[in-house]
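Asker: Chains A and B supply the protein sequences, listed in that same order. Numbering (numbering that gives the first Met the number 0) for the first sequence: 0 to 634. Numbering (numbering that gives the first Met the number 0) for the second sequence: 0 to 634.
By construction, these hints were calculated from the structure, which means they are not laboratory data. These numbers come from a predicted model, not from an experiment. Be careful, since some hints might not be right.
Since the list gives no way to pick one copy over another, a pair counts as held whenever it fits inside one copy or between any two copies.
As the list claims (entries may be wrong) - Simulated pairs of lysine-lysine, BS3-like, Cα-Cα distance not exceeding 30 Å:
no., residue 1, residue 2
1, Lys295, Lys460
2, Lys110, Lys553
3, Lys460, Lys110
4, Lys295, Lys553
If you want the building blocks of each chain, they are given just below.
There are 2 protein chains.
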Amino acid sequence: MTHWSEWSLIYESFQPNQEKLREALCTLGNGYFATRGAGHEARADDIHYPGTYLAGGYNRLQTEIAGRMVENEDLVNLPNWLPLTWRINEGDWFSLHTVDILSYRQELDLKRGVLLRSVRFRDEQGRQSALATRRLVHMRDLHMAAVEMTLVAENWSGDITIRSGLDGRVINAGVERYKDLNHQHLECVDSTVLDRDTLFLQVQTTQSKIRIAEAARTRLFQNGEPVGIEWEDKTEAAYIALEGTVSLKKGERVTVEKILALYTSRDHAISENGLAARTAISRAARFSDLLMTHSKAWANLWQRFGMEFEEEADEENRKASLILHLHIFHLLQVCSPHTMDLDVGAPARGLHGEAYRGHIFWDEMFIFPFLNFRMPEITRSLLMYRYRRLPEAQCAAQAAGYHGAMFPWQSGSTGREETQILHLNPQSGRWIPDNSHRQRHVNAAIAYDIWQYYQVAGDMKFLCFYGAEMFLNIARFWASIATYNDKLARYEILGVMGPDEYHDAYPDHLRSDRHGPALYNNAYTNVMAVWVLWRGLEILELLPEDWRRHFCEKLSLTEEEIRLWESISQNMRIVFHDGGIISQFEDYDRLQEFEWETYRARYGDIQRLDRILEAEGDTPNRYKVSKQADVLMLF
Amino acid sequence: MTHWSEWSLIYESFQPNQEKLREALCTLGNGYFATRGAGHEARADDIHYPGTYLAGGYNRLQTEIAGRMVENEDLVNLPNWLPLTWRINEGDWFSLHTVDILSYRQELDLKRGVLLRSVRFRDEQGRQSALATRRLVHMRDLHMAAVEMTLVAENWSGDITIRSGLDGRVINAGVERYKDLNHQHLECVDSTVLDRDTLFLQVQTTQSKIRIAEAARTRLFQNGEPVGIEWEDKTEAAYIALEGTVSLKKGERVTVEKILALYTSRDHAISENGLAARTAISRAARFSDLLMTHSKAWANLWQRFGMEFEEEADEENRKASLILHLHIFHLLQVCSPHTMDLDVGAPARGLHGEAYRGHIFWDEMFIFPFLNFRMPEITRSLLMYRYRRLPEAQCAAQAAGYHGAMFPWQSGSTGREETQILHLNPQSGRWIPDNSHRQRHVNAAIAYDIWQYYQVAGDMKFLCFYGAEMFLNIARFWASIATYNDKLARYEILGVMGPDEYHDAYPDHLRSDRHGPALYNNAYTNVMAVWVLWRGLEILELLPEDWRRHFCEKLSLTEEEIRLWESISQNMRIVFHDGGIISQFEDYDRLQEFEWETYRARYGDIQRLDRILEAEGDTPNRYKVSKQADVLMLF
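Just chain A, same shape as in the assembly:
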């Protein structure tokens, strides 16, 4: 950010090394799909990464690595609808890297949800041009997106050739460390040019067989009037494109509008998604109308979700305001009113890129307090994503020898555990157990989310139809994972991992007297388990009598089991040390103090201590260090 206002993120120069971060921060989305803030002339390379993602648009691929078959489910990078570029007199296609940039301004307008870019530049022939684009991913009509591009021939006359494309050759290449995995998630189903000026591309994910259709209409205007243009079909394989040429005189300008309709085979109210996209584009309005309805939709959202400082707008407050707006903006682009009618969760990294593969962790817990009070219908929908995966969570619990439902740490399409169980250490070539799926506390988070939603929305119908069933299954899981320690006359939870990912197992000197992986009696987990059991009992009391009976029968919930829940909730072991400090987990106090100053002096930035220590052949497991709040989450 080189400049800013309370409602705008503004960059006033082009910085190649900052571009990927900016693309993420300038992502536009509407809860249904999102597109990164890459330029319309950009291709995936070291500097740029255009990416378009569909909420819940997953695909699974297998890769053989070091003799082992690994399967990953990814949020698929959809065909790039952005391509819109031009050249003068058969010269090179526009590139920021080959021209002399005279001025540059990129602005993310948070209030209206529009990404703007204006560039003035001089090419090698000394021709000066000005370029301005406005882009939106429509917040009212979830299937639409649009861009308007204006070109000015400042000091030259000549032909300008416009190229508009839909690029289906894309792969998932947004995350460097996934690069050795298979990444070809799409196959082309159909590509054609409709009505002369409209591109149509339909692809299908290779395994999950989700069909995605994009139809894009490109039209030119001068002085507000349509310009007749002969479009030439320049399709190459899965990259479908049109080129057309128009003459400009010195000082003249031409405006190009590219309107997109995107439909998938998972959509409601369609016959076939290709037909839906074609119909939508044939009915689509012009950019200015789309901008108007889109801005109104954002105005409505801000009216409901906006947060402003009451105090005088000094420099500090204005900056804080921008940051607040930016966070809300991106949250609403992932979890929007459209989410209510989708089967999706809240991915850890939003729909902004490919990190964490678009998986759903426990992040609802952090956004619920904000959303619950403003539009609880959205949080209800995120909980329905969990409810639909309750049977899978029940199977997972059963397979692990527990009762009830065990939701996964990483959840995708089906709700199976998407966390890798092993990961390959590239240095040693060995497969190392990955304990992070043992973050069972996600099951406390989901229960907590249900309860928070119920408390705020007072939605007893949700509790009866969906919430209570999930909650009671989760309570049952906690009761079954807890074991009774005769010696201490306390219940314990062994073999889990807390929120702090620097600690996934005991160091060698503490491991010998234990069996099983991961840690014992993580305080956060144990306390939350008690909370779930208490609340589970409370929910049983809260339910209308017929529903209570229904669940007791459906779950074969006996008085005996209810007494067990009471007993566990009153006798859970919480480990303390140094006379009153809650231990993050059992024997945390026997870990070594970390030499903070030494490492800070040696490395400077020690934010990713885990990587530093691993590179030294060491592990954070040995030290009193924390990556995430763990015990502190309790307060």
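Model the placement of chain B on the given structure of chain A, informed by the hints.
Answerer: Here is chain B on its own, set in the frame of chain A:
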């Protein structure tokens, strides 16, 4: 029905000419899919019509008829999962038509949602056997269905060969008068045998590209123990089947269980629907467990939806009870708690066959009073089916020169008008305009449904997010279709059809002084339009201030338009005749009296008077006759 109890529809003999009606009445379903009550050995022919239908499972096909291309959207008959038959010692496969039936009993157990059939029979070789089947379409797990078949060798010993299949060769052939239309809606994607005893068939609808996967596991048991059996793959093209042989001694019995998992590409919480079906079948319980959970689900439904007579159970009441239970049973098999998570409406003929092509008319209006008070979450979901098609209804209004939203008389996948605009008179070979799409009163019905739901459920959130927008758009439509008659100083609605389908246009002697098709000033339509406008104004008052503002802005609803609504609602023309009788439509009194006695004497059953008159070259349009309640609907 040859016998009955309050909770059972019982047939005690096999009646070939009654079979198709019985199959419809013995349909089992769960709101997600349904299967007609055909025998497991039956194939589609003159007597039997096995059919399985998915809620919202439509496909479009074009047919050239008399030089014109006609497109129809049908509810697709899915692969038949029922096939389960047998033969003795390489003899003929079992058929009711070739054996001597000693006893026959078919029972639809409404309380538990189970279809039972038991047959004792003797074949040409004098071998007596007993056959008993129990079938269910699971009411808790919407993807599952199951059959249990028991065979007893009463007076013989020998080999019995079991054949279990999934038949993907099916077409839509359930309605005689559609037989000249294309009816091949499915293409095979994959068929294979899994784990020796499991059939897997995946098909795709030809145009809408919905994928349907069926996985069926067949296992044999004797004395409660599994019987090892060598299954042989007998697949022929899209008919995938297994055959296995087991020896029976005189008096012995064998039980066959066939469990089905059915998933489609439109399902939630799946990666790919074939994988989902395979996973589900690998986890599937045995028949007895499925029966238990299924019966419990029905018990819960009856607890909520059951209706009993308070009086003494005399013969009359018991019969009325059965009829009541039967209607509720079938309604719940079409609109079940599973409907809440589906994008479907209530088809005129349920999921019980192919008549009306599974289209959605105005039938919600008749079932809402029942469902609203018992599980308004279902009616809310049916209204969401409409809401998702609001944009299509807006386009339809615009295309017809009106404002707001004009929902279609027949609605399918997208919400476009699915009613044929022309129909071919096979006698004359001429294409005749079909005015039935002019039953605009469906737009009053939808508004009425919204209001009823809101009144019963008090669901202001629904009204704000969805209901009001639909309602106001419908009100706007009525205001725009009404025209002002200067001479009478009244508003009129011209060119529509009322609910009575015997009247779709004026007879010749009344037509000359009119332009446009259909009828003028249908009283039901005009009064309901006034009702919609009144309630539209009331809803504007009811809405929270921010929502009111939101809609006025989104719809550009001005004070002027609101005043127009008021004016129309106070000055609508209702035509009366004979000094106080409401005319069904303008000039109804100028129609001829019908010669009831003559026709009754000539034809006996005159229920389909339209067909009788058309065969005579006449039309009901000339007479004072009614097929449906029209004016009476107002009271």
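Asker: All hints are to be evaluated individually against the structure, with a verdict given for each.
Answerer: Evaluated hints:
1. Lys295 - Lys460: between (32 Å within a copy, 20 Å between copies)
2. Lys110 - Lys553: between (49 Å within a copy, 18 Å between copies)
3. Lys460 - Lys110: The answer is between: 25 Å across copies meets 30 Å, while 35 Å in one copy does not.
4. Lys295 - Lys553: between (47 Å within a copy, 8 Å between copies)
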